[in-house]
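Novice: Once you've looked at the hints, dock chain V against the given chain F.
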Amino acid sequence: EPEVTQTPSHQVTQMGQEVILRCVPISNHLYFYWYRQILGQKVEFLVSFYNNEISEKSEIFDDQFSVERPDGSNFTLKIRSTKLEDSAMYFCASFEAEQPSSYEQYFGPGTRLTVT
Amino acid sequence: AQTVTQSQPEMSVQEAETVTLSCTYDTSESDYYLFWYKQPPSRQMILVIRQEAYKQQNATENRFSVNFQKAAKSFSLKISDSQLGDAAMYFCAYSFMYSGGGADGLTFGKGTHLIIQP
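If you read the sequences in order, they're chains F and V.
Counted from 1, the first sequence has number 27 at position 27 by our numbering; the numbering is strictly sequential.
Counted from 1, the second sequence has number 107 at position 107 by our numbering; the numbering is strictly sequential.
These are calculated hints, taken from the structure and not from any lab test.
Keep in mind that the hints are not guaranteed to be accurate.
For the chain F half of the interface with chain V, some residues (derived, Cβ under 10 Å), not all of them [stated by the list, open to error]: (1) GLN41; (2) TYR50; (3) LYS57; (4) ASN74; (5) LEU84; (6) SER87; (7) TYR103; (8) PRO109; (9) GLY110.
Keep in mind the model is a prediction, meaning the values are calculated, not measured.
A virtual CB, placed ideally from N, CA and C, is assigned to each residue, including glycine.
With the rest of the complex left out, here is chain F (with noise of 0.2 Å):
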């Protein structure tokens, strides 16, 4: 069964680098999303993506993130200059949208990220 990849699995950066989260989606889908989810907390949408282009976005989602399908098969999220607060497991997932055979979000497995 198709699923969606996610990697690292698990990346320790120190506050003010740079991190880039890296997703495969399905291949067939069409909409790509970003979610976040601080330990205890509950899932936060941050960002959706249809045909190369930002289609919505979460007051999270401010200048320190972009979204970009840099080729045909990946789909990234890249946080400029990590805070403390950015510590949090990262879900990519992504939906097939037109005539749908699924109103279903895959999830990926989840980026957890670690700022010290």
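Specialist: Then chain V, alone, in the frame of chain F:
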């Protein structure tokens, strides 16, 4: 803005018994989807069940069923014959679907921690 509320931070049930997790939401839209996701300690997000708002019939997936009350904006999850493997965080989520395809990002509740007593 849409909101999702889960008022039960934690629930406990005996193995083989039935438990109901509550969820309410707020939206001005008429066409949307509701979901229950399970998050075990691995933190993987696993879809349990989904409900289309335009469908009056409550969704069912094996031991999992929902009670969808659109007018009351209520969407509870019932787990029958609880098993040890059901122990996890359960998140209720809402999404608006675009008429031409595509969907908003999911809005999640704070979650309910389900404990299964052997």
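Novice: Now look at each hint and say whether the structure bears it out.
Specialist: Here is what the structure says about each hint:
1. GLN41: Hint holds; GLN41 of chain F Cβ to chain V Cβ min 7 Å, cut 10 Å.
2. TYR50: holds (6 Å)
3. LYS57: holds (9 Å)
4. ASN74: violated (20 Å)
5. LEU84: LEU84 of chain F check fails; min Cβ-Cβ to chain V is 20 Å, beyond 10 Å.
6. SER87: Since the shortest Cβ distance to chain V is 14 Å, the answer is violated.
7. TYR103: holds (5 Å)
8. PRO109: holds (5 Å)
9. GLY110: OK, holds: GLY110 of chain F within 10 Å of chain V, min 6 Å.
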